[in-house]
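K.L.:
Once you have looked at the hints, place chain X on chain G.
2 protein chains.
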Amino acid sequence: MVTLRKQYAVVRPVYSEDRLAEDHEKVNRLRKTIPDHLREYLNWDLKRAKNAALSLLPVIGWMKIYRVREWLLGDVVSGISTGLVAIMQGLAFSLMASLPPSYGLYTAFFPMLIYFFLGTSRHISVGAFPVLSLMVGAVVTRLVPEVGPPANITSFEGLTQDQQRVLVASSVTFLMGIFQLGMGVLQVGFIVVYLSDTLVSGFTTAAAVHILVSQLKFVLGLTIPGISGPLSVIYTLEKVFVQITSTNICDLVMSIVIMVVVFIVKELNDKYKAKLPVPIPIEVVMTVIACGVSYGFNFKTNYDVDVVGKMVSGYESPVAPDMEIFKESAVEAFPVAIVGFAVAFSVAKVYAIKHDYTIDGNQELIAFGVSNIFGASFRSFAASTALSRTAVQESSGGKTQIAGLLSAMMAMIVTVALGFLLEPLPTSVLGALVIVNLKGMLMQCREIPYLWRRDKPDCVVWVATFVGATLLGLDLGLAVGIGVNLLTVVFRTQFPRCSVLANIPGTDLYKDRKDYTHISEPKGVLIFRIPSPIFFANIDFFREKLVEAIGFNPLRVLRKRNKALRKIKKLLQKKEGDVTETTDESGMDVEALDQPSDLSGLPFRMDWRAGFPGNISVPRVNLHSLILDFSAVSFLDISAMKGLKTALKELIRVDVDVYIVSCDACILEKLHSCAFFDEEILSSMFFPTLHDAMLHVQDQKKDKSRGSALTESKL
Amino acid sequence: MVTLRKQYAVVRPVYSEDRLAEDHEKVNRLRKTIPDHLREYLNWDLKRAKNAALSLLPVIGWMKIYRVREWLLGDVVSGISTGLVAIMQGLAFSLMASLPPSYGLYTAFFPMLIYFFLGTSRHISVGAFPVLSLMVGAVVTRLVPEVGPPANITSFEGLTQDQQRVLVASSVTFLMGIFQLGMGVLQVGFIVVYLSDTLVSGFTTAAAVHILVSQLKFVLGLTIPGISGPLSVIYTLEKVFVQITSTNICDLVMSIVIMVVVFIVKELNDKYKAKLPVPIPIEVVMTVIACGVSYGFNFKTNYDVDVVGKMVSGYESPVAPDMEIFKESAVEAFPVAIVGFAVAFSVAKVYAIKHDYTIDGNQELIAFGVSNIFGASFRSFAASTALSRTAVQESSGGKTQIAGLLSAMMAMIVTVALGFLLEPLPTSVLGALVIVNLKGMLMQCREIPYLWRRDKPDCVVWVATFVGATLLGLDLGLAVGIGVNLLTVVFRTQFPRCSVLANIPGTDLYKDRKDYTHISEPKGVLIFRIPSPIFFANIDFFREKLVEAIGFNPLRVLRKRNKALRKIKKLLQKKEGDVTETTDESGMDVEALDQPSDLSGLPFRMDWRAGFPGNISVPRVNLHSLILDFSAVSFLDISAMKGLKTALKELIRVDVDVYIVSCDACILEKLHSCAFFDEEILSSMFFPTLHDAMLHVQDQKKDKSRGSALTESKL
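Residue numbers (the numbering used here), protein chains in the order written: chain G, 1 to 715; chain X, 1 to 715.
Next up, chain G with everything else stripped away, as it sits in the complex:
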């Protein structure tokens, strides 16, 4: 079926931007200034105050709409399942943080108590997160190494190694909480946008590598001190291979069995997701079996297997964070705060979109900040959320944080009463469970070829973040990743693909002249498209490309013209006397050559295109008009404005008319306010479309040729 093509028919006057604004009564809008914004922000009324107070306690919002009949059952079921996972993960992740296992249970309990009241997400499961545990562990092993003396910190005196470590972990967590709270109060939650998906993917893959390496010693039953700092992965692997002969076979066999079983069951869970009412809790099952077997055969004494061992029963008194540790770990606590928040926020966002409610980044920062400060006071370590645990909480029917609260209660019960049941659990079992769960994170490296095909800079970000975080450690790696990520934005605009446009015959459309076979370029007019914002990093590049496109260096032409002009003037003055050729160049004022040609005092009209007598040579310029397409210029900075002004002046001084088209209204306003215009650069050079400018140029040209025809006929 052929549809009739509609005609595009327009008849209207040719507009310049000035004329358009005048004819159609452009409004002079007053932009809000920073004081205006501030005033608005500080202009509180009662209603806003009430809203603000409510937004600080989101629990009120969702408690009001809580549907007991529909939601409570789901919350209870979900709370119990999540609780089981949280207990096991708590034990495993505290080993990752180089802390005794019971502190992982603290982390599953205390932060949740606060988040229940302050958090805006109804689905995330607050508690330990492997990457954070590892980052805290790096500080812990740096300040309190396995072998050798701990760092020189006053309050370490009289404490056992484990107590010192707990003090370090809780101080780092406290500081992290302060950072998060501070960012929340300052409303800078938006900074997580700098952690792009690509960066997070590379970072978490590197974290998976770190986790894998850190768990090897448990799986193999080796005693290897925790190593932190750059290249720690390499050093740890080296130590593992050196000791590989002393592997505990019992640990290894048990780990392999568990890994294989869990892996297979998980795959089956995935495959029959639709048919199973609830996924098989294989990890809990395996843990219970391993506990039983270990207890029954007394693995600890019979096979020298490392077990969880004596758990602290009940809770310890609150602890004050240590200022000296703050000072030592400030640089490391900041990335921990950022990563912790970023992960929780991104997971929360996914479920918020799925279940159609809103989460507030700044309130989340406040919630996690207070949670971590509170938790740290009770010796728990860095809390965020673990993807896997949140998935359990949501998929098993959790509707609100009541589920989270219940899972925290389960952790409490284990801490207070049932801890002894976990005592015979071999640490290799925990290690094996951690490793088998890394599959998803490690599989992210399949993104590399995908990214490489689609978008090379993004691929570079992924690889740089991964390599940086793997080799330099997670904190430095994150900094490298963010730096590279920001650089890509600059880089994408740094070498813009400038192009020369030409008219598609019979239309008002202009396209890259290389892209079309039948395309008409008007003589003496060049249409140059700038395909990106202009700023300090690309203004020089753009000027180079412009000179390349127009085919001559305007400054050089101007200088040659001015030199020729001087010679001509001298010739005219000395018409009667004998003309001695002086060494012109050295005696001449170089700066004056860059000024506009001074044509006054000449008895004739200068035509630079004509030939000159004798030793006077001036390069010919075949360009009379240049049209710059600014449609893609989304901003200009000071350097760009300066550079652009110079470039335009140079062109105008060699009698090339410059027009700028499709310039954004905001940029035009900015140019006006920045005194961009003067007697050479006029605001009448701006046109709304390319075709308007082109018609204007043709008109001008006709006038001029008519004018010169007149002059000629007069002679």
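Read the hints as simulated data drawn from the structure, not as lab findings. Note that the coordinates shown come from a computational prediction; the quantities given were computed from them, not determined experimentally. Just to be clear, a hint being listed does not mean it is correct.
If chains are identical, the list can't say which one is meant, so a pair holds when it fits in one copy or spans any two.
Stated by the list, open to error - Here are the computed lysine-lysine pairs in the DSSO-like style, where the Cα-Cα straight-line distance is at most 30 Å:
1) K456 / K545
2) K567 / K273
3) K545 / K670
4) K523 / K704
5) K354 / K545
6) K354 / K273
7) K569 / K354
8) K47 / K64
9) K273 / K645
10) K642 / K271
11) K645 / K439
12) K642 / K349
13) K570 / K275
14) K456 / K569
15) K645 / K271
16) K560 / K354
17) K567 / K649
18) K349 / K439
P.N.:
Using the frame of chain G, we list chain X on its own:
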């Protein structure tokens, strides 16, 4: 005079991008891939090899065109004047680097020997640069402090403190040379574009503050150890004020006299620039007078004035750099290399434009790299160029580096033979001369109000760099400045000012609807302009703004529609049975709600705008078409593509037709290659102009209403 307004008259078919490409035979250009570029780069022929060899020795190029008669005199005069300045600056700057004065003369000599052959700039004066001297000095005082033991470095054994310091300085310089050479070989000279003018201004102002503070002790005749690291400015000032009572009055008076005299004469030089044949060399005059007076009155013993003292006569044997110092100072040598090159390059560029020759950034890197490596082997320290010295060399008539070579010879003569003449020179005189020359650098802070009015982000960069470099030290400050500078680029595009456009009646032009009083918005069509590139940091912001502009959340509408559809289908199925209302929501598969509405199996045509019976409520959507103006979207990254695809799908699924106009050809190509299009998102949605899309929409709308009118008439 009223010019007749030309008409803009166009009659052509309405084009979509696809149709335009088809009708006008768009060429499928093959873009060069990375292997292509590499092949081209590696494709050497004899001519290119010859050119490359020549470009490695630029001296051949300018020697060939050397005009002995015209240039030689200028070069000789300039060489002598520059030499005098170089000698004095050498002494002063070596004090800044915490080294004995004679090493400053080495720096004025050795690097120049190499630069003569390798450098592409004909006007810069190679040698010490105050900011570099200070940066080297920071490493020197860190590794070999005035009081207390030096760093634990093997080769320090058996050396005096001065010898240790010289070893540190020359090792840092060697490493800096390696960095520069490496960057030159890797052809990454372009990285200096990241040092924007604003950043350099803030950085050099901070450097001036550091220099001022470092010279106070000489001017006041105090003994204060060099302090390095963050907050060193504060600590040094504190020490100065603590000791202020022990000021040496003779030093102070002499310094003040010299500063006042030099300041006045310099102002006069500036004022009568045009009338004076050559500026009065007041600094040289004052140095000679001070030397004489100090010698005559024996200041050293009579007034306890610190003098330059015994100079090393002649040259010492070459020294090998120390690996341990490399390791200790690698982080600091890198910014030294960058700053040294950036300053020399920017100064060289100014004179290259003035005198119309080209300089090559990468060759300059190679030249400075080799110069510094060579110089460091002979115990000279970091060389770049000083603005003031280069100004002398150029203004006194220097045409080529022959002048530079002569000035180096003068430094050699002083080192070898005339050093003793400078021995009685008080160090306070050198300090006073350095301080009085800081005026220009310190005056740069007048840029702050200028920048604040013109461009706030640039102002933030200036202040951040200045504060960072002043308080944290020059190396860290530079890093902070670069980071903030890059962030501004992201920040400028992070919160784009999205706008809704409307038609200016009687034209094919579309402008922000808030900007014009008389403007027509077609019903049911929204034109949304995205005024910046889209990438990870602003895709979410842009989606929020889009939802705000269209006035409804498409995903929410889709879910409500799908729920309604289920209810309707259930009602239809159970038409005969009794309809029991089940708890729909909890039992429903949430994901299915986000899929396109499945309208199959319905016995009637669904009209979402009609009313529904009973408890079925669906939000009404009054929008039938959305036109996105992509003219300012200069790039898209992976995150943006994903986000855009989701946003478009959500809209298409609620029956909103989406059109994208003025999309850059490269972006369109990229979307094609990245599998952006599928059965929902079609490439036929792209139109070359807004008006084309608008005409198409009106056409579609007419067709549809005619179509539905037909359906209705059939019923």
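K.L.:
A separate judgement is required for each hint: does it hold in the structure or not?
P.N.:
Hint check results:
no., hint, in the structure
1, K456 / K545, "both (24 Å within a copy, 29 Å between copies)"
2, K567 / K273, "between (90 Å within a copy, 26 Å between copies)"
3, K545 / K670, "both (25 Å within a copy, 23 Å between copies)"
4, K523 / K704, "within (15 Å within a copy, 46 Å between copies)"
5, K354 / K545, "between (48 Å within a copy, 20 Å between copies)"
6, K354 / K273, "within (19 Å within a copy, 74 Å between copies)"
7, K569 / K354, "between (80 Å within a copy, 24 Å between copies)"
8, K47 / K64, "within (19 Å within a copy, 82 Å between copies)"
9, K273 / K645, "between (65 Å within a copy, 28 Å between copies)"
10, K642 / K271, "between (62 Å within a copy, 27 Å between copies)"
11, K645 / K439, "between (56 Å within a copy, 28 Å between copies)"
12, K642 / K349, "between (43 Å within a copy, 16 Å between copies)"
13, K570 / K275, "between (99 Å within a copy, 24 Å between copies)"
14, K456 / K569, "neither (58 Å within a copy, 48 Å between copies)"
15, K645 / K271, "between (64 Å within a copy, 28 Å between copies)"
16, K560 / K354, "between (69 Å within a copy, 13 Å between copies)"
17, K567 / K649, "within (24 Å within a copy, 69 Å between copies)"
18, K349 / K439, "within (23 Å within a copy, 54 Å between copies)"
Taken one by one, the earlier hints fail for this structure only at number 14.
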